[in-house]
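Peer 1: Below are the chains, spelled out letter by letter.
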Amino acid sequence: MRTLVAPGRSRTGYAIALTATAIVVTVVFVLPLLWVVISAMKPAVELARVPPTVLPLTWQPETYVEAWRLMDLGRYFLNTIVVAVGTWAVQLAVDVPAAYALSRLKPVLGKGILGMMLLTLMMPAAVLLVPTYLTIADLGLLNNPVALWLLGAANAFTVFLLKRFFDQLPVEVLEAAKIDGAGQLTLLWRIVLPLSRPILAVVSIFAVVAAWKDFIWPLLVFSDPARQTLSVALQRFAPDTPVDLMLAGLVLASAPVVGLFLVFQRHVLAGLTAGGVKG
Amino acid sequence: MRRRVAENLTAYGFLSAALLCFAVFSWYPIARGVVLGFQQVDFVAAPTWVGWENFERLFADPLFAVAWRNTLLFTVLALVFGFAVPFLLAVVLNELRHFKAYFRLVVYLPVMLPPVVAALVWKWLYDPGPGLLNTALRGLGLPGLGWLDDTSTSMLSLVLVATWANLGTATLVYLAALQSIPGELYEAAELDGAGVLRRLWHVTVPQTRFVLLVLLLLQVVATMQVFTEPYVMTSGGPQDSTVTVLLLLYRYAFYYNDFGTASALSLLLLLVLGAFTALYLRVTRRADA
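From first to last, the protein sequence lines stand for chains D and S. For the first sequence, position 179 (counting from the first letter as 1) is numbered 179 according to the working numbering, and the numbering increases by one without interruption. For the second sequence, position 15 (counting from the first letter as 1) is numbered 15 according to the working numbering, and the numbering increases by one without interruption.
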């Protein structure tokens with residue numbers, strides 16, 4: 001397709017532009033991450049050297065094991081998994097039926113309800129920090145992952161994406177099932193959900209990644225160190241942990257989401273532009 | 001008629017859990033937030049009405065003006081980098097016909113990192129001694145910078161991290177928008193004798209104006225709420241140079257347990273962001289119609 005610059009005008013020019021972009025993009029986005037992964041294997045003494053060594057003079061891959069053990073990362077991984085998986089499950093269990101009802105059952109006041117939900121997207125998250133925190137405290141849900149699950153379920157964007165997808169499902173399939181005497185719950189479970197795999201994949205990945213990345217809510221909810229997620233625990237450890245161990249901890253904490261991204265990148269990138277700004 | 005009632009009952013059954021979650025965690029807090037701004041609230045005594053006292057306390061706090069000035073600086077700097085860079089990057093990437101998948105993957109990779117990880121990694125890269133950034137500067141024969149330790153560069157350093165971590169999203173959204181520009185427009189412009197820069201300005205920019213405007217507004221709203229980077233990297237220092245509105249709000253609420261004053265600050269933030277949100281709504285509405 002024709003773009004800004006005429007194609008094939010100058011082979012050399014294109015090659016130079018391609019190489020330059022590849023180098024710049026790699027240096028800016030990949031190099032810092034590689035630098036962390038490699039530097040974590042240098043001893044703390046070597047990390048203090050100016051200028052730094054490029055590759056470790058002494059390789060200490062066991063730093064990763066040491067970091068896992070000393071910072072008790074297993075516990076924080078488990079806490080984070082409980083938050084992320086719970087948020088994902090509760091969000092789907094709550095928002096899928098809601099979106100289906102708004103899309104297909106069209107109840108009285110349905111439009112008003114959707115409008116009220118979308119209104120919350122317009123509320124800057126920061127503005128709700130204090131009142132939501134106090135509400136969580138009133139419910140006795142401080143230091144309880146359930147607080148984050150329910151908070152995640154009140155996600156208007158997920159409801160909106162699901163509803164828009166359900167709106168586009170062919171009416172005939174649903175009508176046929178209805179004539180066969182299927183109730184709405186059976187219809188949703190047996191017919192609609194299997195047809196909705198693409199959107200469920202997008203919504204699921206975004207739910208898990210958002211929960212894994214979240215910092216401010218876990219920070220507010222989990223004052224008990226034993227309950228904290230990786231992000232909260234790592235920033236608590238940062239001031240008095242040796243650099244090499246800290247770097248290893250940071251790498252380990254990011255590995256699951258980066259891995260998830262590498263595996264599901266097509267879904268993630270497709271979801272980004274599908275749900276993105278057009279909505 | 002009876003069937004209609006039964007259908008409505010089913011529908012509300014399906015909606016009940018969501019309605020409850022939204023009511024407790026969104027709608028009620030919105031209303032409560034307004035009330036809290038005019039109350040004295042701590043965990044010790046019952047809330048009491050104090051009128052505008054919370055706002056007066058804020059205006060008397062020397063950090064109040066500092067926090068707004070810093071937040072504004074962050075927003076402006078974030079726009080300079082976070083708005084122009086992803087657009088130009090997308091324009092360049094759109095021209096390249098090789099390594100497409102690699103570019104997309106790599107640009108979006110930092111978006112996947114937890115913000116705390118990005119902040120702590122960059123805090124280490126910024127280290128004036130063995131840090132990677134000063135090593136690179138010295139390698140180029142330039143003097144190293146103080147980065148986070150220097151009041152003149154601390155905010156800029158935070159902006160660079162936030163931009164690095166987030167620009168993948170904007171880049172890929174722009175890239176999608178660029179691909180929907182009809183090629184004939186470029187051909188026509190070229191036949192009229194327009195060079196690359198004029199084509200960029202007269203074809204690319206107007207054709208993507210809507211997406212550009214929407215992301216601009218969303219970005220302003222997001223950057224005005226910056227919290228994680230200053231909280232994790234500088235705690236507001238050095239010399240309060242990175243105290244943002246949200247950091248101040250956090251201090252009022254969770255250091256001083258003064259939830260009323262924190263809520264008053266939320267309301268002021270809401271007023272400012274509300275203006276941008278209204279603008280955003282008008283822009284998207286007009287595009288829908």
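Since the hints were derived computationally from the structure, they do not count as laboratory data. Beta carbons: idealized from backbone N, C-alpha and C, even for Gly. Accuracy of the hints is not assured; some may be wrong.
[Claimed, not checked] Selected chain D positions facing chain S (in silico; Cβ < 10 Å):
1. 55
2. 90
3. 258
[Stated by the list, open to error] A few chain S residues facing chain D, derived, Cβ under 10 Å:
4. 111
5. 135
6. 231
7. 277
Peer 1: Next, verify each hint and record whether it holds.
Peer 2: Verification of the supplied hints:
About 14 Å separates the beta-carbon of residue 55 of chain D from the nearest beta-carbon of chain S, more than 10 Å, and the hint is not met. A cut of 10 Å between beta carbons decides the hint on residue 90 of chain D: the least distance to chain S is about 9 Å, and the hint holds. Look at residue 258 of chain D: its Cβ gets to within about 5 Å of chain S, closer than 10 Å, so that hint holds up. Using the Cβ-Cβ criterion of 10 Å, the hint placing residue 111 of chain S at the interface with chain D is satisfied: the shortest such distance is roughly 9 Å.
Interface restraint check for residue 135 of chain S: the shortest CB-CB distance to chain D comes to about 5 Å, inside 10 Å, so the restraint holds. For residue 231 of chain S, the interface hint holds, the least distance from its beta-carbon to any beta-carbon of chain D being 8 Å, beneath 10 Å. Restraint check, residue 277 of chain S versus chain D: the minimum CB separation of about 5 Å is within 10 Å; hint holds.
Violated hint: 1 only; the structure is consistent with all others.
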